[in-house]
Amino acid sequence: ELVLAEFLPYLLNRAGVKTGQTFSRDLEAFGLILADWRILIALWQNEKQPLNVIAEMTVSDLSTMSRQVRALEKAGLIVRQRSEIDGRALNLVLTPKGKKTTAQIIPIAKLHESEATKGISKNDLATVRRCVSQIYQNLVAFNKKMKKT
1 ELVLAEFLPY
11 LLNRAGVKTG
21 QTFSRDLEAF
31 GLILADWRIL
41 IALWQNEKQP
51 LNVIAEMTVS
61 DLSTMSRQVR
71 ALEKAGLIVR
81 QRSEIDGRAL
91 NLVLTPKGKK
101 TTAQIIPIAK
111 LHESEATKGI
121 SKNDLATVRR
131 CVSQIYQNLV
141 AFNKKMKKT
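Taken in order, the sequence shown gives residues 1 to 149; the numbers are from our numbering.
FYI, nobody ran anything at the bench for these hints, they're computed from the structure.
For lysine to any residue, the following SDA-like pairs were computed, each having C-alpha atoms within a straight-line distance of at most 20 angstroms: (1) K18 x H112; (2) K144 x M57; (3) K48 x A103; (4) K110 x Q21; (5) K100 x L34; (6) K99 x V79; (7) K18 x R129; (8) K97 x I33.
As the structure is a prediction and not an experimental result, all values here were calculated from the model.
Let the sequences and hints guide you as you build the complete structure.
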């Protein structure tokens, strides 16, 4: 028997969708969508990254990511720079405007996380983070295994 209200993939998706919807309303004030934010915060935490690395970090399709990057470039939030290691490769980099915008959004993101996790102890939150990370790693491994068969 499968009970939807207890089915973990459903519960994870439900919480993720609601979190995204709520946070997206605040992102609109910056002219951004959730996918834009993921790119900006990934670059904030990991400067000068190639498109494929950012796509992997944000769990995004490369073609979708390319469109997002063009929009963020047009908005003056990121630029592409030649890699210092491999002159043929391009890295994505936050512009000063991109850094300022990201810095303005971080407290808003933290507020959303705080609201979403009210009433949950620090120990329980650490357990949730660890478990959700493990679920993700399990699914990455499962997908690789399924591609081989």
